[in-house]
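Visitor: Those protein sequence lines, which keep their order, are chains Y, D, B and H.
Numbered according to my numbering, the first sequence spans residues 1 to 589.
Numbered according to my numbering, the second sequence spans residues 590 to 905.
Numbered according to my numbering, the third sequence spans residues 906 to 1174.
Numbered according to my numbering, the fourth sequence spans residues 1175 to 1660.
The set of hints was computed from the structure by calculation and includes no laboratory data.
Each hint should be verified, as a subset may be incorrect.
As a list, the in silico EDC-like pairs of lysine to aspartate or glutamate whose alpha-carbon atoms are at most 20 Å apart [what the hints assert, rightly or not]:
id, chain 1, residue 1, chain 2, residue 2
1, H, K1293, D, D635
2, H, K1293, D, D643
3, H, K1304, H, D1315
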Amino acid sequence: MTTPPSPPRAEPPPRATPQDPGAAPPALRVRDLTICTASDHTLLSGVSLTVAAGERVGLIGESGSGKSLTALAVLGLLADNLTATGQVDVAGEHDLLARSDRRLAPLRGSLVSMVFQEPMTALDPLVRVGRQVAEVITLHRGPAGPGGGAARAAGRRGGRRAAARARAVELLAEVGLPDPAAAAHAYPHQLSGGQRQRVMIAMALANDPALLVADEPTTALDVTVQAQVLELMGRLVARRGTGLLFITHDLAVVSTVCERVVVMKDGVVVEEGPVADVFADPQHAYTRRLLAASTLPPRATVLREAEPPAGDDVAGRAGRAPAVRLVDVTKRYHRSGGVVVDALRGISLEVAAGERFGLVGESGSGKTTTLRLLAGLDAPMSGTVEVAGVTLAGPAGVASARDVARVRSDLQMVFQDPRGSLDPRMAVADIVAEPLLNPANRRDLPEAATRAGRAGLVREILAAVGLPDDAATRYPHQFSGGQRQRVSIARALVCRPRVLVADEPVSALDVSVRAQVLDLLARLADERDLTLVLVSHDLAVVRHLCDRVAVMRSGEIVEQGPTERVWSAPRHAYTRALQAATPVLASAR
Amino acid sequence: MRTRVAWLVGQVAATLAVASVLVFLVLRVLPGDAAVVALGVNATPDALAQWRADHGTDRPLIAQYASWMGGLLRADFGTSFVTGRELTPLILDRVQVTLIIVGLGMLLALLVAVPLGTLAAVTHRSATGTLIAGASQVGVAVPNFLVGVLLVSFVAVRARWLPAGGWVPPAVDMAEFWRHVVLPSVALGTVQAAIITRYVRSAVLEVMREDFLRTARAAGHTRGSALVRHGLRNAGVPIVTVVGVQLAAMLVGAVVVERVFVVPGLGSLLVDAVQQRDLQAVQSMVMVLVVLVVAVNFVVDLLYTVLDPRLRVVGR
Amino acid sequence: MHPQLVIGAVLVALVVVVALVSLVWTPYDPIHAVPANRLQGPSAAHWFGTDRFGRDVLSQVMVGARLTLYVGVVAVGIAALVGVPVGIVAGMRGGVPGTLLMRGADVLLAFPGLLLAIILGAALGAGTTTAMVALGIGAVPAFARVARSGTLQVVHTDYVLAARAANRSAWAIAWRHVLPNIAGILVVQGSVTYGLAVLAEAALSFLGLGTAPPTPSWGRMLQESQQFLGVYDHLAIAPGVAIAVAVLGFNLLGDGLRDVMDPRLKGMR
Amino acid sequence: ACTAGSTAVDPSPGPGGGVRTDVTVAVAAEPVNLDFTTTSGAAIPQLLMNNVYETLVKIDQDGAVVPLLATSWDVSEDRTRYTFHLREGVTFSDGSAFDAADVVASFDRVRTDWLNAIKGKMDVVARTEKVDDHTVRVTLDRPSNAWLANLGTSVGAIFPSDLDGVDLRTTAIGTGPYTILSVRPGDRIVLAGRPEYWGGPAPLTTITVRYLSDPTAAVNALRAGDVDMLFNAASGDQVRQLDALGTFQVVEGTSTGDVLLSFNNRVPPFDDVRVRRAFAYAVDRQAVMDTASAGYGTQVVAMVTPQDPYCEDLTGVYPFDPARARALLAEAGQQDLQVTFDVPNLAYATTAAELVASQLADVGVRVRIVTDEFPAVWLDKVFTRHDFQMSVIQHSEARDLLTVFSHDYYLGYDDSVVAPLAAAADAGSPQEYVDGMRRVARQIVDDAGGIVLYLAPTLIVADPALTGIQPNAVTESMDLTRLAWR
Ligand SMILES: Nc1ncnc2c1ncn2[C@@H]1O[C@H](COP(=O)(O)OP(=O)(O)OP(=O)(O)O)[C@@H](O)[C@H]1O
Ligand SMILES: Nc1ncnc2c1ncn2[C@@H]1O[C@H](COP(=O)(O)OP(=O)(O)OP(=O)(O)O)[C@@H](O)[C@H]1O
Ligand SMILES: [Mg+2]
Ligand SMILES: [Mg+2]
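Hey, can you work out the whole structure from these sequences and the hints?
Guide: Next up, the structure:
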């Protein structure tokens, strides 16, 4: 338990005090916000919160507690089946909920902007990301005011466009995209998860809004980039007096970024106050639980076993055949305009059967690409890929469809982007049951042959990942980001794979749920001898779960070895940088 | 790149070659004898034999095919069995007419259908949406000839604004060309508009719930402008597909409108030639159609990759 | 309930009921000519008037409902059952097989439907079913193209990738992911094809390739009314409205199904 | 029914001072080419005869043979030698002069170059000789009354003697008042008046013949003022509607188009004359005409038109009498008869067929209608292969009674009685000819080899200011030579 010690407080801090009451209206004032579904189910009730100009407020809470809904309601972007009542004022503009879409639109993107939780699906797949960023700028820069511009002269518009493009590239550079000019030219699907997330952030920052709502903006970013982005947001807040509503599950980030924190559970605000106070002296039981779960014990401390064999070179557990073996694998992507991206530049690694292997590294370093190769979803340009005894790719070429199927009957994958990887037309029960429909996948699960048996397994696994009972009959779009991520995990686990490759599986989960899911993974790994290849930008997660870890950067593995060794004695400068940049839950400020 | 071009060219060439054999053979099984049709009811066997010898239809199929192909390769469709006229200028002339009215009709249809279909999708639960959807659905069921007849009777017969039919090539008299081309294009376009509206509505409904539209709105778009700016393009692939299919269908399917407005297009020429069993003309026209349709679909496939970068295969 | 679905179902049911009733009862013999009664407007005795043969239009419209239903089942059925799998396979497989399929479809698309009908008529013998089969085959390429375009987009989604990673076969992906996600546009394709087929049947009958007179057919009634337009409009109105009702019914039903099948549109106002 | 149809209407002069010299005529069927010597079909001679090509003699509106390129002719005693005195000062449209050599060449060419089966009408010619530049002698194998009248049809068309390098399919060189100016396939053929025409300059400088196969399009074109005259381009019902408007002149003439309900006399049940007669009684021919042609047309029952010299009213032979029909069927043992009715897909034919079928049903005959694509399928199936029981089609040729009711023809009519009668009549004196042909017609009607439902009308709807309309189509020709504006 690493709950920061802090002296008990005599009185609660003043609630929602604007920093400078007389000077500026609060960036955001939400009063009594209630959100109901069309079937009159209340999702959010009586939420009130205030963000003063220049204030940074963290919004934390359980997955599915209504954080995203609050944020969406502020911008008037709730899904059509939801209705919001209450009052929302933003930077002097009153009662946004009562406004029509037409009157709200000019405010969005300029006065208030938002970073969406799931960046993978939030970008228009058909438009180059540079243009998407530039569009935000041009949309709001007309002499007729925000959103206007009917009278714009064509010539000036042309000039403004070019300027917006240039500015977009600048923004992409500021959010830390390497080679921003080339990145601006890429389509969303050509970018990694973290890169897309940064594009979203660039869009939100483009017009220096008075209120910035950031919904888990750094879930896909490695800690070094995260630090850079957080610093950028901090600069914006300071420079423009922007109010920041920062939704995150990462308490350490909250403690470094925010001044005040609001805690939600089950659609209500359960606690709020200055970060230091709340973290030091949580009043609500949930907050206490949250803080308790926020630090993960390193695996080494859990598992006082014999140290794995020393040596950083490619090696598996003694005596066991490797479940996964990559030798000198390269992968190159081609983008339009002849741009080539070397996503993997000759990586080699080996994961023994039953081993838990972590993959950390820079955003865009090729982690997802590596996992795709393991699942046989892509073929490398060169090198050998062996999974579960099958050579998926090697000097002899790529494996046959039957071999790939053999691999997949042992291997399941959790995708980095839950939203896109769930068929929007299928109910969750069907999505989760899907792997069970292939007899090859359910060799160890005789009961899965029947419909009822499958339903039972689905119910079980949904409960195990902490989803409510009614989840089975609902559709993906009716869930929160974290809930979708758990659906995606449930799908991968339901048929008890031997190998699990998971791409940021817990990035959207609040720490309490995260603990639950990680426990589940650990238990399965132990019980069933699961081989785990886990990508995470969260070093604590890797340290908690994995035996060995590889650190990637720019398509190369810069360092690999037993987790504790890498943690305690990092050899590569980048590893050290990662470690240094990891935010810690610090209450002392 | 070069291999890709070669692959495409080869593909098209192979398609045309196979199509030519198919078309040629299939037409030989048409019931009815061109000689009898040409010479009519009182023809003597001698006369029939003479006619067949004159027109080469008594030669082995291989020889007939070879001479037809030989002509095609020189862009020479031969002479019609029945009219004795050179087919090449005739068919090209008709193709031009058809392309003009079909093109204009499709343009009109798109100008109407895209906004209307989008509106129907956006308002799909309200009265407006239901009304548009309903109207387009009924529109699909309205026969071309009815639209044509109504247009003629109001615009041409009652009001005498425009001629009831006929055709003046643009090269002859531009003003008259436009006066004659309006009604047939509108008649074609109306029915197409109804059809395409249905597809646009469906395609737009499909993208309407996408997350990126929410992003666009967060960036400052209204619901409508987000849909126009980002939604339509995402709905573009199915729409372009349907436009391609409908264009192909209209090349021949415009025959009803051609009849009502007395437009000398490819459709009516083909129907006449089929009725007269003028196989030389029919097979050449069908080949022209195959070329046009393959071209249209080639463009459609190309547009897919323009519209949707995910469908692009770069560098291969 | 979805209003379009309900209205559509009601209209289709109406057509079905009328068709069934016509099997046992019509006000008059629909094919018996009474020259003395020719070309009468609607009256108490003949609600929809009489045609140029003095036959009761209402009775003909009732009997014509059967054919209209038949058109939908056979023509749209064939087109969908052949075209959709072809399109999906072409979209999922790509490469040489996909190209072959689509180029084949192109040739068929270019092949004039009239020729197809004549050839089939020669091969199978002319008749309603032959005409329907010809129309169905003629509509295959359109279905294939539409299905393929949808498939091309769906196969690039992450959920298809996820299904592949979950070791689902191409069949299963086609059936469970691709088909439902392109169903919307296919439903539209089906309903449009249906509308066009009802009209095309009339054109084919006139060539002797479809339903031979005097069996009533809405399409032919409408077509024959053409020369009476402006004088005996009831001849056009009765079959015209009947066609509109049937097509509208199937379209609304299709649209309704389409919307209902899309969970994302559920619960929306 | 043996009065000739209307003759040219001569409406009183109306207002309107503009002297239009052009006219646009709408016609339904387009010629596939310009060569009726090798291509059959009525559309080519319809356009070209009289207007472009001329013959030695002409059949006038009342069916009489009158001079045209021949100013007069002598017939030898034995009626096998005709001496034609040719008109002088006639030129072809290519500028060459018309003389006896052209006649000889034209007649000879029928035998050598023609493919069109109507060439048979010249079979009786033994030889054609030039007597001098303006006299031609034709010797027949045997006397023939029909032959001279046949000379007034397309088979007697006079071409220039030198046709080297001329493709008749695309060029027409005749002596008529008009010449082909341009052909736009699928659309129109424009005729230009010849100022140097022997009968004086043509009344109009331009005649545009537009081909509007869709009757509705034709009516619209007329009402929109795009065309001035419809020549058989609209259906009977549409003409009734136009007539009711009162803004056009409607002229009904006769034609040579007999709409024939034909039986296959070779096969059961139609090899039994009682069945054929039963059918004749069962069909209400007036009702058929009312339905298929809106009452326009002429009731005849033999394939004889009012202009034919041997016309005789035989309509009373088969009154509409269903009871009699039933009785005859019973007598033939055919109470439960089912027949297949092959109908060409032509509007009038399908309409007539539907009514006929319904009327036959009334006498207990079940009729299955099979629509055959016309011309290809119908010609192949019915005409060539005789694979049918009953059919209906309009026979448009002039004086085709003997052709249709000959044994080899598709009806398979047993002409053993009729053929000798006809031969004798043809060889006899004009009076014997008329009498003989009447007997032939009566015999054919009595045998009910086929029943003429009605004689199709020539329906002309035109601008009231148009004069010179010649409505009676006594030959295939659409005679536009006297068309003029008032
Ligand atoms: N369109 C919708 N229809 C019905 N229920 C919804 C809808 N959207 C969200 N919900 C439900 O509302 C609740 C709150 O969702 P919200 O997205 O705000 O959660 P969250 O706090 O952002 O969680 P996470 O941290 O997992 O993203 C969840 O239980 C979710 O299932
Ligand atoms: N389809 C593609 N076309 C072109 N470039 C691509 C494509 N997919 C990935 N890339 C590029 O390849 C590199 C590696 O991407 P990958 O998705 O493997 O990164 P990652 O390590 O998973 O990053 P993140 O943590 O941000 O998800 C990135 O630079 C990315 O831009
Ligand atoms: Mg959320
Ligand atoms: Mg990734």
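Visitor: Each hint: holds or not?
Guide: Structure-based check of each hint:
1. H/K1293 <-> D/D635: holds (13 Å)
2. H/K1293 <-> D/D643: holds (19 Å)
3. H/K1304 <-> H/D1315: holds (18 Å)
The structure agrees with every numbered hint stated previously.
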